[in-house]
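Visitor: Based on the provided sequences and hints, a complete structural model is requested.
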Amino acid sequence: MAAKFQNDNQMAQPFEAFYRENYNAISRFVVRRVPNELHDDVVAETFLVAWKKFAVVNEPTIRWLYKIARFEVNHALRRLVLQSTTRIADRTFAVADISNMEAGMDVMTAMDSLSDGDCDIIRMVLWDEIPREEIAEILACSVSTANVRYHRAIKRLRNILEIEPVSAHKSEHVPKGANVRIRMRDEGLS
Amino acid sequence: MSDAESLEERIRAIDPLTPEVESDLQSRRDYLWRRVHTEYEHGQVPRPGHKLQVALASCISAIVVSSIVTFVLDRADSGTHQASSLLSEAAKSSEATIGLPKLRHNQYYLQQTDQTVYCSFTVSKKVDVHFLTDDVRTTWTRPLNPQFVLKSIESSAFSGIGWASPVDKKNWVKAGRPYNPCVGASQDGALSAISTSVDLSVPIGSRTMSVFAGIRRIYTRSFVQNRGTPLNSFTEFNLLADGRINPSGSVSRFPQRCPVMRVHIDKWSTSELCSVGDQLQILEQLMRLPDASLDYRGLLLEAMAHDPNVEEIQFHSSVLRNDDIAFEDPKSGMTVVLSKKNGALIKILFEKIFTGSTGCNCIANNSTPGDISFGAVRVVTLADPRLK
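One line per chain: the protein sequences are L and C, in this order. Numbering follows my numbering, in which position 83 of the first sequence is assigned residue number 84; successive positions increment by one, without gaps. Numbering follows my numbering, in which position 112 of the second sequence is assigned residue number 186; successive positions increment by one, without gaps.
Read the hints as simulated data drawn from the structure, not as lab findings. All figures in this text were calculated on a predicted structure; none of them were measured in a lab. We put the CB at the ideal spot given by N, CA and C, even for glycine. Please note that a few of the clues may not be correct.
Stated by the list, open to error - According to the in silico footprint, chain C covers these stretches of chain L (three or more CB under 8 Å from chain C):
| hint | stretch |
| --- | --- |
| 1 | 12-22 |
| 2 | 43-55 |
| 3 | 59-68 |
| 4 | 117-131 |
| 5 | 151-159 |
Guide: Have a look at this one:
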């Protein structure tokens, strides 16, 4: 055990505070990625791993927790794939508005055909609304790389959905890279 | 709005995190903290000799259990053996038929069930109330992708739904609207248990089912339900015996107190494992879920095959056709009717349900007869399901 805490008892209290501070974010992150019945397992595993490393980490942050949660989510999904059968009642997620789901079925199907990495960054940006700097840290890359990854993922999604880019973008005659940067700034991304 | 923004909006619209889910997550915070705390402590403090104790206990349990099983099997008559093997066979064939045809665009699996329940329970001293339901349910099922499955339920052909008489409802209201075992977690005691935003699941880890408003005419009631996907009926049976399958269909990761719903208000089984009787009670509750037959028929048959009391019966009723075969658990009175031809589950009859433990004054006559008939699963094509 690192010098930060003399024993487990000393660590329990700050870790509980850390848990309570970050539970909501991690819980939301997890529930968006795994079937509901796996939520508790994945969240518990995430915090369990975090607790074991809590004493030795320099600065336990939400970004650090997201990294652990991502690992646990992937691990759980891999297990799920191994166990999956052809049953109709496959793993499901709760969705509140069925009409949204019906309308968004094409987007959902398109997202399903994206790579895990593309899906992940889209979810982090649009669902979890994690700031781009934090995403960069979670993905262990620079902020600009994270931005590029996000826009490429969106582009691939658009291609799958066969959405034509609006003509206004073409008419701006702005070099591609510059266009990306301008749009990122507009969206408060850079 | 640019196309990029529009696409981003569309992605945001399918965010599965809804206020209901979020509030459910909040409610699980303390529970999960306790779990993390417990698991951490167990992981940190290895108990000396624990493995040896477990191994010894397992050996002793195995010997005791196998002796009991041998004893029970030896005593069982040949009829029971036959019933057990027939049920096991049907459970296996049920697994084999689970691989239904793959759906093409706009296709759905469709099944109709007809559920009738005649239920009565005691709300106060010497006052019984009576509740009747008869509900034809059509279930459309369509996996949207590996993660989502759309299940839409249309309830129709109601007759006599709700309280048997205004007096019954009055008595129930007068008694302070106690838990109504006939409709699960309903707040008003009527079939509105499946109306918008009301959780249909029984209140055990009731994070498991969300109910939605219908979509135009086809989906008067729709929901997407999360549920575990056990591997096969035998594995499911072991999960059931370990208390890991809840009456709402959710699967617990660890063995837990048997989650069978008793007639006591807010009381649940206190035993660690589920007895055969408990298992059948849970299955009775599971099978009442609108779309349960496809998911749980294998488990039901497997559990009945493991019940040494279950026997083949000559069912004197018009519901039993020449090519049907019926098995009954004499203790609970539950009877399943299978097709002799292909082992398909045709009907379940409940003679008793919610068999209260001794001393319970919640249910007077201790009986909730009823039945569920299951139609064949068909693949249907709908040009536009919302315009049906």
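Visitor: With reference to the structure, classify each hint as holding or not holding.
Guide: We went through each hint and held it up to the structure:
1. 12-22: holds (count 4)
2. 43-55: n = 6 at 8 Å, threshold three: holds.
3. 59-68: With 0 residues closer than 8 Å to chain C, the stretch 59-68 of chain L misses the three-residue bar; violated.
4. 117-131: holds (count 3)
5. 151-159: holds (count 3)
The earlier numbered hint that this structure contradicts is number 3, and it is the only one.
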